[in-house]
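J.: Based on the provided sequences and hints, a complete structural model is requested.
From first to last, the protein sequence lines stand for chains A and B.
Counting in UniProt numbering, the first sequence runs from 1 upward without gaps.
Counting in UniProt numbering, the second sequence runs from 1 upward without gaps.
It is worth saying that the hints were derived from the structure and are not from the lab.
There are no misleading hints in this set.
It does not matter which identical chain is used: a pair holds within one copy or between any two.
The calculated EDC-like cross-link candidates involving lysine to aspartate or glutamate, where the alpha carbons are at most 16 Å apart (straight line), are: (1) 674 <-> 4; (2) 373 <-> 338; (3) 139 <-> 16; (4) 731 <-> 748; (5) 106 <-> 19.
There are 2 protein chains.
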Amino acid sequence: MNQDYIKPDVWSIIEEGFDKERVKSSESLFSMGNGAMGQRANFEEKYTGHTFQGSYIAGVYYPDKTRVGWWKNGYPEYFAKVLNAPNWIGIDVRINGEYLDLNTCKAVSGYRRELNMKEGWYQRSFEAVLPNNIKITVKATRFLSLAFNEIGAIAYEVTPLEIDAEVIFEPYLDSGITNEDSNWDDKFWNTTSITAEGGQAFIEAHTMKTNFATCTFMQSQLIYNGEVTIQTPVESKTEFLVKHSYVQHVKKGETVALHKFGGYTVDRNHKPLELIKAAKTALKKVLDLGFDALLDTQKLAWANIWEMSDITIVGDVKAQQGIRFNIFQLNQTYLGTDSRLNIGPKGFTGEKYGGSTYWDTEAYCIPFYMATKEPKVARNLLEYRYNHLEKAIENAQKLGFSKGAALYPMVTMNGEECHNEWEITFEEIHRNGAIAFAIYNYYRYTGDYTYIPEMGLEVLIGIARFWHQRATFSTQKDKYVILGVTGPNEYENNVNNNWYTNYLAKWCITYTLEQLQKVKEGYSDDYHRIIGVTKLNDTELEKWAVVAGNMYFPFSKEHGIYLQQDGFLDKELIPVANLPKSQRPINQKWSWDRILRSPYIKQADTLQGFYLFEDQFSIEALEKHFDFYEPFTVHESSLSPCVHSIQASKLNRMQQAYMFYLRTSRLDLDDYNKEVEEGLHITSMAGTWMSIVEGFGGMRVVKDKLSFTPRIPEQWEAYSFKINFRNRILKVAVSQKETKFQLEGAEETSIRVNGKRVVIAPNKETVVSN
Amino acid sequence: MNQDYIKPDVWSIIEEGFDKERVKSSESLFSMGNGAMGQRANFEEKYTGHTFQGSYIAGVYYPDKTRVGWWKNGYPEYFAKVLNAPNWIGIDVRINGEYLDLNTCKAVSGYRRELNMKEGWYQRSFEAVLPNNIKITVKATRFLSLAFNEIGAIAYEVTPLEIDAEVIFEPYLDSGITNEDSNWDDKFWNTTSITAEGGQAFIEAHTMKTNFATCTFMQSQLIYNGEVTIQTPVESKTEFLVKHSYVQHVKKGETVALHKFGGYTVDRNHKPLELIKAAKTALKKVLDLGFDALLDTQKLAWANIWEMSDITIVGDVKAQQGIRFNIFQLNQTYLGTDSRLNIGPKGFTGEKYGGSTYWDTEAYCIPFYMATKEPKVARNLLEYRYNHLEKAIENAQKLGFSKGAALYPMVTMNGEECHNEWEITFEEIHRNGAIAFAIYNYYRYTGDYTYIPEMGLEVLIGIARFWHQRATFSTQKDKYVILGVTGPNEYENNVNNNWYTNYLAKWCITYTLEQLQKVKEGYSDDYHRIIGVTKLNDTELEKWAVVAGNMYFPFSKEHGIYLQQDGFLDKELIPVANLPKSQRPINQKWSWDRILRSPYIKQADTLQGFYLFEDQFSIEALEKHFDFYEPFTVHESSLSPCVHSIQASKLNRMQQAYMFYLRTSRLDLDDYNKEVEEGLHITSMAGTWMSIVEGFGGMRVVKDKLSFTPRIPEQWEAYSFKINFRNRILKVAVSQKETKFQLEGAEETSIRVNGKRVVIAPNKETVVSN
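T.: Right, dumping it as structure tokens:
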């Protein structure tokens, strides 16, 4: 953890000073993305120091053959890798023949990176003395266009300071790239054509196995003294690389700039044979605009995003920077316009984890997207799972389930399971419940019931069938039990009757039965279609009801709490606070067996159930469970602190809530887990948003109405957020003494604040004392 | 399973008819070994069909870097591979320029393999028509010398049948070999010199990483018309291969033979720089003898082995063949003369499993070696673990244990853990108890207490310390519990309070405390040395006693049985008999999670405890537990049927006992699990021996006396076995009506038969009615 690395600033992420040891960390922190593609903040120019090169295209992956120590029956055959894509950002720079390479410069000063989150651009500037003693300043500005999401732009400026110099820019495209995490050192890309003509260049390459066709392209402009110089570059090609060369004699103190435009066209959006044509069309548009005008569209697009999703915090710059970083990264990763895409756990910032979709999407991300975007965005995320239903049924079949039971994968790209640890893939089945919960949550928040008869009910039926088959009857307990699972707390494997899983299973069946009835009554055509497809009959439904009605829940009378799983109380119940610091984090200090038999909880497990289903438990029950489980929680998952922050807020323990908030919001900026160089923790960032809106703000939807219980950490003067609730925009601003509500539009609405009904008139502040 | 593949024969394993599909299976079944080296029954001559090449040198292994899907803290860094060693058996054969290759011959007839177990040789003979239409007969006889264990010999005879022919023999050595199961395709061998001079050839090669130096060598004689022809062969070399060439014009109907002598000298037995010298010495000895005289020494050596270890069965050829095959293979694998070696689970017959030492040695093999060899052999096996004590302490430290606690590895070559599945390596800790039990068993059987003060007590202390630390206190149960283990039944992982493990833990501590007292009283010097080394004090001992005295054992009042683990009765208790055949073996048909949550037992678990500690349970208790657990047992481990056979015999259920016996004794010969081509199941073969001696014969040691409860399956007329009990040789012959005892030596002894004392006079038959 390093709290001084990133300078506090309310709108920007700023690094000052060049430190070779931090290059890889900063490559993660300054990553760019526009939902369709993204990249780590690798240098444009040559760099021979340690770097982790990464450019990524949404939806383009590779099924890397699974590699395990001992094969278990049912393992997925492959692990879907987030693929490092061809590099379009590269610009070699030579000054009087000498390559600019920050690793070999005699001196580097004034080095500064800024990621301007407000406007959506990234800039790096420095002064350097090259090995040939030439001193230059460099300023490189880059962004990935939101307006034209196949395009990125770079303005790379060089100024020789002490003498006139010949500056050569060599922008290139390179498809000779690899993944650091390849299992078998397979070749992932096949380059099929390299074209360079009239100042444009194109590399056509397709992925092996998945055969995704892509075209990586570029075109540049040379600007000297503010004028675009017409120069047809010298072109050169090698097996995987195409390069242009622009030469300019630059007077001392004057600036030459290369404006490079590049990016990808892919066959998800175009016919495979028309990728070059599409690239040319995209290039023409942005070349006509030029760098500055394109940047203006970028600022506008980000202004629109912030208009709806910004959270302000007054009196705590680091907290302000943290929450904006989280919101910025979520928007860089996923914009919700394409239901074939999802929210990768590392977004476009690294390779680790593989797959794009985890239960994180349903349990953590959907609330953020529902509240800050059009309802269609969350619906796209739900449709993504509907489109994968068939694969989820196949996945369940592979594991021995039948008759349309669906088990959604733990990790996926295309609906198939692609994780390869049995205790996760086979046993962490609670993810199936989160997918059902998201359907419920979507309707609760948006009021849009149509998704359920149109698509959601089929998903619910598949999931209910799974739970029905997965539970078995214990004659000993005279109840249905669910044996051999891993709960959200992955520091337990193969446990029996994980309370969260059992609860979710019962809930899924009950909820599905209710929706079946509702659809039967209100959407007769859909109902008959669904019954036809699923071949559901009353006998099966009765069996479901028996299982749901007789589910076993481990409970301790002594403690008055549900047990995380059978036998939890047999553990040595030493609170985390009593562990020597030298033993933590336990996932780095302890062997796996020791972790498993310890009581320590990686992330909210029983408390996750109390979060999702809070209306079914009293505040006293929450307090009891929080007081029991939190002391054993090590929060070694990025998904843990946010749920605890929300619950601490609910219990009005603001010090604790604030502490958890800080931990979630600056996890990557302060590199708590010393792993930021591998990439950012994208999905947990939605949890940070929840910590403020649902935690401090206490926002809930109760019977179709918004409800708030505003609280504020004593460290803050004020904070505000906006939400889109059923197409009404409400701004909530909380200070130490009061909360102001402001509604856009023409109609009044009523909400509940601290349990009391409050009518909010549009376009004027309604103030409620805290 | 194929019961007709191997011809029934009381002393030989015989295959008739050439079937390319069976080449790999037969390569396993006809494997040779002499304790120091061994090899699969690969053809000497070129063979282009499917084959699994394997030559192995005892104690020569390679630490292959662990490859797992997701790394867990504490994993061993490598998996010790049984290494395919340089090939010395190869002889290319050309007839009039055409290579003999059974895969390309126009016709093969009269093909026969015989493994003569009585005399310890293997012979292959056939008639073949080569692609050039020349018809020949071939007879190749091979053995690995017991008298000179660095040497193997081959007599390869060719007879052209219809025309005179030029026969060229090209014996060679080849170090360009690989392992089929390599994790990373590492190069395992480094060849440092290839020498050919005066008809001898040597390849010096050392293993990578472990740096074991070896010399593979050969020298041959050409025999024509029964005369050794003096011929200096033409020599040729390539990067990894050296070849001799012997040419002979052979008249129609006459026979030319090549007698090839080869093998390995290794730096375990010689100085690394003197391996060639040692090879020359070995070659001189056997060349002086010649093939036939050397074969005579072989027959004599095997006669000596059989004299002591043979079991005869009258009236059931397949059962007779089965038990001799088991005894033969055990002796091929391990002869007990070198305490640096152990009993690999596949012996010298394949690569699978890696490592040479499992708990199989202590739990299954030691009784066989104690009863059929000098006591020194079993003691060597115990010393092997004593020599690894330091590594076992290191292993425990890696997993978080302290103060000299020892956890012996699940799989090892040199004392270090080298398995790589957490649920086995970290959790299958019961193996630690088997090592303590073997110490107890050794003393019980041999009466040699000296091992305990000299070495065993230190091992026991390390083990007791482990159990003391591994148990934790459950306030809920007010008992010590052992959480997160895998029992002998590997179809359960990460369970709590596996009864067998808990029982063993308690027993280990109690037994160690007793031995401490005994050594203190009787071996004062040793006691003080050990206390000095281990820094044991009374406080620690008191703590041990508390844990042992308050161990928790899961028990079902309803069933009156100990539970395999906590929660076992929550499973769906459907007996194996009610499973559809299509679902078995479950390890091929079911996903891992389904196996884990099922009640099905891979091998004896609770019943393993009843086997080891039978004197602590009544026959009624055994019956109850047998009746409860056996119906859930799928016997998908080779170690399962033998324990069940012994217990069925004890319960006088002879039909069942016989059925289990057949399954264990002909597991490989009849290829029950369709995997014999990977190699043989060596360690479980000791279980077959136990099934007869301890099962049918009911042999036990009770208070320093032998005891028998002879029973006999109705399918047999009679059977007999011999045991060496405290240097007295007793032969036991059981028929349907009576049992005859015959004692070698001069003194009488008393034994118990069916609970009654019987005095056995030496050198005369004592007959007891059954």
